Each structure stands twice: as structure tokens, then as C-alpha cells.
Amino acid sequence: MFKKILLSTLLLIAGSAYSITAEEVKSITIGETDSRVEALAKAMLAADDKTAAFLQALSDDAVKVAGDKILVIQGDKVVDAVTQAEVPLPDDAEDVINNNRMRGEIDSALAALKLFSKDDKVRAAAVKQLQSDADETKLPLIEKALATELNTSIKDQLNLVRAAALLGSADKSKRLEAAQLLATSGQANTKTMLLARLENETDAEVKAALGAALRQVESALAWGDKLGALFSGISLGSILLLVALGLAITYGLMGVINMAHGELMMIGAYATYVVQGLFHTYLPGAFDWYLLAAVPVAFMASALMGALLERSVIRFLYGRPLETLLATWGISLMLMQLVRSVFGAQNVGVENPSWMSGGVQVLGNLSLPYNRLIIIGFAIFVLGSVAWLIGRTRLGLFVRGVTQNRPIASCMGVNTARIDTYAFALGSGIAGLAGCALSQVGNVGPDLGQGYIVDAFMVVVLGGVGQLAGTVYAALGLGILNKFLEGWAGAVLAKIAVLVFIIIFIQKRPQGIFAMKGRSAEA
Amino acid sequence: MKPVVSLPSPAPLLSRTGWAAFLVALIVVCAVAPVLNLLVPAGSLFHLSDYGVGLVGRIMCYAICALAMDLIWGFTGILSLGHGLFFALGGYAMGMYLMRQIGLDGNYKSELPDFMVFLDWKELPWHWTFSDSFVATLFLIIAVPGIVAFVFGYFAFRSRIKGVYFSIITQAMTFAAMLLFFRNETGFGGNNGFTDFKRILDIPVATPSMRMTLFVLTGITLLGFFLMARWLINSKFGRVLQAVRDAETRVMFSGYNPLGYKLTIWTISAMMCGVAGALYVPQVGIINPSEMSPANSIEIAIWAAVGGRATLIGPILGAFIVSGAKSWLTVAYPEFWLYFLGALFIGVTLFLPDGVVGLVKRLATTAAAKSGDKA
Numbered sequence: 001m002f003k004k005i006l007l008s009t010l011l012l013i014a015g016s017a018y019s020i021t022a023e024e025v026k027s028i029t030i031g032e033t034d035s036r037v038e039a040l041a042k043a044m045l046a047a048d049d050k051t052a053a054f055l056q057a058l059s060d061d062a063v064k065v066a067g068d069k070i071l072v073i074q075g076d077k078v079v080d081a082v083t084q085a086e087v088p089l090p091d092d093a094e095d096v097i098n099n100n101r102m103r104g105e106i107d108s109a110l111a112a113l114k115l116f117s118k119d120d121k122v123r124a125a126a127v128k129q130l131q132s133d134a135d136e137t138k139l140p141l142i143e144k145a146l147a148t149e150l151n152t153s154i155k156d157q158l159n160l161v162r163a164a165a166l167l168g169s170a171d172k173s174k175r176l177e178a179a180q181l182l183a184t185s186g187q188a189n190t191k192t193m194l195l196a197r198l199e200n201e202t203d204a205e206v207k208a209a210l211g212a213a214l215r216q217v218e219s220a221l222a223w224g225d226k227l228g229a230l231f232s233g234i235s236l237g238s239i240l241l242l243v244a245l246g247l248a249i250t251y252g253l254m255g256v257i258n259m260a261h262g263e264l265m266m267i268g269a270y271a272t273y274v275v276q277g278l279f280h281t282y283l284p285g286a287f288d289w290y291l292l293a294a295v296p297v298a299f300m301a302s303a304l305m306g307a308l309l310e311r312s313v314i315r316f317l318y319g320r321p322l323e324t325l326l327a328t329w330g331i332s333l334m335l336m337q338l339v340r341s342v343f344g345a346q347n348v349g350v351e352n353p354s355w356m357s358g359g360v361q362v363l364g365n366l367s368l369p370y371n372r373l374i375i376i377g378f379a380i381f382v383l384g385s386v387a388w389l390i391g392r393t394r395l396g397l398f399v400r401g402v403t404q405n406r407p408i409a410s411c412m413g414v415n416t417a418r419i420d421t422y423a424f425a426l427g428s429g430i431a432g433l434a435g436c437a438l439s440q441v442g443n444v445g446p447d448l449g450q451g452y453i454v455d456a457f458m459v460v461v462l463g464g465v466g467q468l469a470g471t472v473y474a475a476l477g478l479g480i481l482n483k484f485l486e487g488w489a490g491a492v493l494a495k496i497a498v499l500v501f502i503i504i505f506i507q508k509r510p511q512g513i514f515a516m517k518g519r520s521a522e523a
Numbered sequence: 524m525k526p527v528v529s530l531p532s533p534a535p536l537l538s539r540t541g542w543a544a545f546l547v548a549l550i551v552v553c554a555v556a557p558v559l560n561l562l563v564p565a566g567s568l569f570h571l572s573d574y575g576v577g578l579v580g581r582i583m584c585y586a587i588c589a590l591a592m593d594l595i596w597g598f599t600g601i602l603s604l605g606h607g608l609f610f611a612l613g614g615y616a617m618g619m620y621l622m623r624q625i626g627l628d629g630n631y632k633s634e635l636p637d638f639m640v641f642l643d644w645k646e647l648p649w650h651w652t653f654s655d656s657f658v659a660t661l662f663l664i665i666a667v668p669g670i671v672a673f674v675f676g677y678f679a680f681r682s683r684i685k686g687v688y689f690s691i692i693t694q695a696m697t698f699a700a701m702l703l704f705f706r707n708e709t710g711f712g713g714n715n716g717f718t719d720f721k722r723i724l725d726i727p728v729a730t731p732s733m734r735m736t737l738f739v740l741t742g743i744t745l746l747g748f749f750l751m752a753r754w755l756i757n758s759k760f761g762r763v764l765q766a767v768r769d770a771e772t773r774v775m776f777s778g779y780n781p782l783g784y785k786l787t788i789w790t791i792s793a794m795m796c797g798v799a800g801a802l803y804v805p806q807v808g809i810i811n812p813s814e815m816s817p818a819n820s821i822e823i824a825i826w827a828a829v830g831g832r833a834t835l836i837g838p839i840l841g842a843f844i845v846s847g848a849k850s851w852l853t854v855a856y857p858e859f860w861l862y863f864l865g866a867l868f869i870g871v872t873l874f875l876p877d878g879v880v881g882l883v884k885r886l887a888t889t890a891a892a893k894s895g896d897k898a
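So the protein sequences, as listed, match chains B and D.
The working numbering numbers the first residue of the first sequence as 1 and each following residue consecutively.
The working numbering numbers the first residue of the second sequence as 524 and each following residue consecutively.
No lab work stands behind these hints: they were computed from the structure.
Hints are not guaranteed to be accurate.
Now the in silico label distances, taken between C-beta atoms and shown as ranges [said to hold, decoys possible]:
hint	chain 1	residue 1	chain 2	residue 2	range
1	B	Asp288	D	Leu882	54 to 60 Å
2	B	Phe381	D	Leu782	42 to 48 Å
3	B	Pro284	D	Glu858	30 to 36 Å
4	D	Glu858	B	Asp288	33 to 39 Å
5	B	Ser35	D	Leu627	58 to 64 Å
6	D	Ala770	B	Ala491	43 to 49 Å
7	D	Ala770	B	Val362	56 to 62 Å
8	D	Ala848	B	Val362	54 to 60 Å
9	D	Val658	B	Ala469	52 to 58 Å
10	D	Ile743	B	Ala491	43 to 49 Å
11	D	Ala848	B	Ala293	40 to 46 Å
12	B	Ala293	D	Leu782	54 to 60 Å
All values derive from a computational prediction rather than experimental measurement.
Ideal placement from N, C-alpha and C gives every residue a C-beta, glycine not left out.
Could you build the full structure based on these sequences and the hints that come with them?
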């Protein structure tokens, strides 16, 4: 019984405290900045709508002082800040002057009040803003918000903000608690927070605790960084693999130095763009699935172009690799100009379907975007299909037969010229698939192929000409090497280092990772 | 005991008609062009415009590259897709000197080149140390491409990288260099490179007489290099090169080590490109990393292929034909230039394996055969 009474009394007191009083309004509005800031912090404990409205008015310069009355201008009306009664504007009303410090305080108080918004997004944004300027004065507010917060992710963030606020506390035990709390966060901004505090810390015990927390955060971050670099390395590797797979057939198996390979990719990317446009116009409802239609279209567009090139130019140049190099370079120039004439010289926009945006959050500083994950999966799918085509089908058997020994294959009744066309079309089609994938991660423009052609040749040469497995290892290896170097030396230097590495590697193993063995090695 | 082999007596450097043509070319470059440009009034039919001087001067620089390419590709069988790098290195060496010659006349009135002031650098980086000396610059123009080519070539030829592998690695080399030069920290002006040159040897660059001097200098260099190349390939050294091209294994079995031969001609070829680059930069007034783009290096190979490989005169013609067509087409029909160039590549490789010179020779023999029939 007594307990009940006490509780209700407490609630009553609490209830009455949760409304801005005339005294509070006055002390926030008038006086020295120091005392106003203090009063503001106190008023923040009573975080209700009236306080918020008054602070907003202050922030908007809509508050005037007339004698001992505080007045708020609301459009045409003038309202007493405490009683909310409409009053006439006295002649001696003066504007309230807020200096920059006061303004900053009011703004962050307003942000803090957003912690109690009903909208999850607004609360999350408020938490984020508080992270940067959390201090002890906001602690009661944060704790109050914590008590009512139901969304777990916002709650986690709020806990971090609380720890950050504690970190600046004058109380040693609170700082120690904060260090412990922050140690488990594993976020990049925690690290900067801890570092900043560590610099100003004088107490040895707290210093040790901060140091320990920092190490823990750093190791968690380091894991995230390492896994992140590994993932982006695999992601880059999968793109390199897609780019080089087609070349592994046209160059690796057939010996054609196809400098137009990049432009065949570009055709695949533009085919994707066209399919996207068609879906936009005729099937807006199914727009999300345009990519599924674009994959076969990109393959066919590039494959047909490849077949055309093989029939018209390349078949006259077999066995003269340097001449194919020049002729296909000419082809690449013409294809680039063709695309410029048709689609314009500017990059065109290819949108990701909605199911490809977003990602999986794995660690505090590691999230895996869906489009990268899907491209990795796509690369595996294409690789599997190519391996199956070459290793298990009749066409693959003929292709292998013709590459290994053309006269004998011909004697056995294989139409070698047709097989050449098919093989070249297959390699070109795979380039088209690569272009389709590239359209989802980069710019689509007439120069798309140029950026990848050197990389593609590097992968094939490094992997060992004519070796599918070598291409896979080389693509993944280069991708991962590149990304790890990038974290250490920056993107351009990493790229240069990789190129230098390849040049040195080729010195040691001129035939690539997997040297050809047996009869064909002499050719 | 020395094996007794009767070598055919060495061919003369040039035939009588060859010397006559060479002399005519020399007179045209050194006397006719300057007179037509500087003395003949601008309205006259025979006036050679400043634009024409600039164009021909530029193309003669290209022709030097094509000649260098012919030595390494036509006569030694090594296709380089990295000659644009050596051209650009020579150009940058010259460009650094020209930048220093701007002195206090830059936009920021500073001793430092403008782009360094812009990047808030306080002093010249170490590799600019000798750039204010013209003599050192002349040395660097040859030495830098030479050293880069020597080091690269030594490793490449030692591990017997050849054919397409070599081509692709040279392409990677120039690509890597381009990425490097695009960076601001490298100290070569990044994306914009060097431009806004004011004078050379304290003489203003943009005067008609200076332009003509550079033109004549380029022409003499081209002709000099032509004679040198001719002498090289007629020498025993040149014959070994051609033997390497045709049957490298047999050359090795005959007791020669191809490494030294290939490395020497490779380095000479790179130095020639460096000189071409150095002559090119003051004439066009700019050098930037796009000169190192793989496309530029491939274009050099195209000049050689169009004109006719292993003919020396062919690549020079090729440079004039292709670049001339380029400067005309890019003005008259900008849309069609790449179609034309592409078609040229394909057409030459498919139908004119010996280039224009081969075509002329073929036509000459058929004509001779026909007239022989009549007689």
C-alpha cells in the first residue's frame, strides 16, 4: 500500500516536471550564455512537445522579450511562451539575440529531442547526429530515450552514444565504464572517439582501459578491413574472370590476338542498355526482371558480331598473330565509332534492378553489396557453363580437336572452318556476358572496352595460354592482390605494382602459371 | 680456325637515285620549305602556311618513330606496343626544360612551374634537378628512354619473351607508365602535363623563325636517322638482326647470342623515339600522359605496316599517309576518321601485307613484265 502511494507520488512529481515552466523559459531566453546553456540542459530533461516547440521558435528567431514576459511569434499571432495565451505585441518587445554557441546548443538540443520521434528513420538520424557531439549534459536524455526505445539497431546505436557521452564525464568510474562499453562496438567512428579521448586523458587507470578498448576495437576493425579487402578482391577477380574467359577461348585456344575483345564486351553492355530501354517502354511492370532477358540478348549480340568478324576478317589471318592484332585493333576502332554514332559519345545510364541494390551487413564495417554478390555468382555460373561446353559437349570436343591438331581433325570429317566460327562466336558471346555484368557496376560508354583490354590480356597471359584453370587462378589472384595493395598504396600505385608484378612473373615463367605440356607446347 | 665464308660484298649505302632523292629531300626541308614559308607572301599560291609547317613538322616526328619501329619490328621481328612511352619520355625530358624556361613568366610569377605552385609544393622534386640545363636535357632526351628500354629489354630478352607475349608486355609497360604520369604526386603535371611554353634557349618559341628552325631540325634529324638506319641494316649487325627475325633458333645454333643484338637495336630504337618526342613537344606546345596511351603506340605500328615493313622508306611514307589523312579527315569528317583508320588497318593486313611500298613494287614488276612482253 505504502509502495503504491510512493510510486504514484513519484509519477506525479515526474509528470509535473515534464512541462516547461515560466522560470525555465526565462532562464533559457535571458541572461549570460553560460547560464542559458545550463538552463537549456536542465529543460531538456523535460523533453516534451512544448519544450521542443519553444526551442524551435528560439532557433527560428521567433522569440521576443517584453519586460518579464517571453513572447513567441506564430505567424500573425503573438503567444505567451508559458501560458500559450494570445497577447498583443507590446511596443517595447525586443528580439532575443542568440550567439553562435547558443545556436549550436539549441540545434543539438533539438536534434536530441528527435530521439523521441515516432518515426524510426528520424530517431536513427537523431542518434547518428548525436554521435558526433555527445557529452555528459545529454546523458539523462539519452538514458530516457534508451528506456523507451524498442528498435534493437537504434538501441545498439544509442548505447554507443551513451558510452560516448560517458567518455567525456568528469567521473573516473563513468569513463572506465564507457571504455568497457565502447570496446565491443567494432565501429570506425568509435576508434576516432577513443583516440581523441586517449589524447586528453590524464588518469593512468582510465588510460589503460582506453588503450585496451582501442586495441579491441582496432582488431575488430582489422578483421572487417581484411575480410572487406578479400571480398572486394574476389569481386574484382570475378569481374576479371568474366572479362578474360572469352579471351581465354579466342586467344588462349584459337591464338587470335583479339584486340576487339573489349569492344565485344561493350556491345554486350549496350545490348543490356537497349533491353532496359525496351522494358522501360513496353513492360514497365516487369522492369525489375529486365536483366534476366538482357543476359541472353547480350550473349547473342556479341556472339553474332564475333561470328561476323571471324567470317569476314579473322579467318584470313590464322597463324599470323601480329597481323590479327592490327586488324582486330582496326575492328575495335570501327566498333567504337559505330557505338558513338548510334548511341552518342556520352555514357548511357544502366540501372540496377531493385533486387540488386542494398547488401548484407556482416560486421560493423563490412557490408556485402548484393550486386557484387550476384556478379560473383554469375561469374561462377559462366565459368561452369564454359567448362561444361568445352569439356563435355560435342562442340567442345571439336573445338579441342581443331586446336590440338587441325589436319587430323579435318581428316576425321570435322568442318574446321565452321568450328573456328563457332568457337570465336562463343568467346565473343562470353565477352558480351561480361559486358552485361559490367553494366551493373560501372559506366557504360564507347570506351568501356579500352579500360579492360590490357587487364584481360594480362590475366590470360599470366594464367597460361590455353588453360582455363590458369585463367581462373590468375583472375582471382590478380583481383585479390590488387585490392590488398590498394589498401596499402592506393588504387593507381596498386595497379602499377600489379602490372610490374606480371612483367616480373612472366620473366620467371614465360608460359604463365600453367605451362602447356606435350605436343602443343612446341607450337 | 676461322670458317671461310664468302660474304657478298656489302651493298652501297644508297644507290645513285637513292642519293639523288635524299639530296632533294634535304634541299626541300632545309631551303624550299623555309623560303616558301618565310619569304613568299602569305597571299601567294606557293606560300607554305604556318599550319602546314606545324603539320609537316609533327608528321616528321611521327616518321622518326615509324622508322624506329621498322628497325625493331620490320628488321628484327619484334613488335613493340610501347614505343609511345619512349616518345613521351623524350617529350617529357624536353618539356621539363621548357617549363623551367618559362621562369617567372608563369601565372603565379614563381620560379616553380605553375602546377607545382598550384599543388603548394615549396621546392623542385629531385628529378627536376638538371632540367634547367639545355645540355643536360639533350643528354636526358636520349638517356632516359634508352635506360628504360635497356632495363626492360634486358629482362624481357634474357628470359626469351618473344612474339605476342612481348607485344602485350610492352603494352602493359606503357599503360602502367601512363597511370603513373597521370598522378599529381609524380611531379610531371598530372593530367594536364606541361604546356604554355614561352621560350627555348631564351629565344621565344612562338616566332616564325623559331618554328622554321624546329622544322628544319626535325627534317635533318629524320634524314640523318634514315641514313643511320640504312647503314645499320646493311652492316653485319643488321644482317644478324634479320637472321634473328627469320630463324632465331638457327642463329643461336650458329654461335650467336641474340640477346645483345636484340637489346642493342631495341635500345637504339627507343632512343630514336625519345629524340622524336623531344622535337615534337616544342612544335605542338604540349605534352601530357595521353601520349602514353596504348592506342598511340599501336598507331606507330600502323604507320610502319601501312607503308611497308622492312623497307625503311615505307614507314616514313606510312606516317605521312596516315597522319596526313588523319589531320584532313578529323577536320573535314570527324565522324569518319575512326572508320577510315579501322578500315585501313584491316585492309592493309588483309590485302597489302607489304604495305604501300610492296604495292608499288608489285605494280612496277607487273608493268615491267608487260613492257618486256611487248618488246
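Status of the hints after comparison with the structure:
1. B/Asp288 with D/Leu882: 54 to 60 Å: Since the Cβ atoms of B/Asp288 and D/Leu882 sit about 57 Å apart, the hinted range of 54 to 60 Å holds.
2. B/Phe381 with D/Leu782: 42 to 48 Å: At 46 Å between Cβs, range holds.
3. B/Pro284 with D/Glu858: 30 to 36 Å: Between B/Pro284 and D/Glu858, where Cβ atoms are some 34 Å apart, the hint holds.
4. D/Glu858 with B/Asp288: 33 to 39 Å: Distance hint for D/Glu858, B/Asp288 holds at roughly 37 Å.
5. B/Ser35 with D/Leu627: 58 to 64 Å: holds (59 Å)
6. D/Ala770 with B/Ala491: 43 to 49 Å: holds (45 Å)
7. D/Ala770 with B/Val362: 56 to 62 Å: Given range 56 to 62 Å: holds, Cβ gap about 59 Å.
8. D/Ala848 with B/Val362: 54 to 60 Å: At 57 Å between Cβs, range holds.
9. D/Val658 with B/Ala469: 52 to 58 Å: This hint holds: roughly 56 Å between Cβ atoms.
10. D/Ile743 with B/Ala491: 43 to 49 Å: Taking Cβ atoms as reference, D/Ile743 and B/Ala491 lie about 45 Å apart, which means the hint holds.
11. D/Ala848 with B/Ala293: 40 to 46 Å: holds (43 Å)
12. B/Ala293 with D/Leu782: 54 to 60 Å: Check passed, 56 Å falls within 54 to 60 Å.
Violated hints for the displayed structure: none, as all numbered hints are satisfied.
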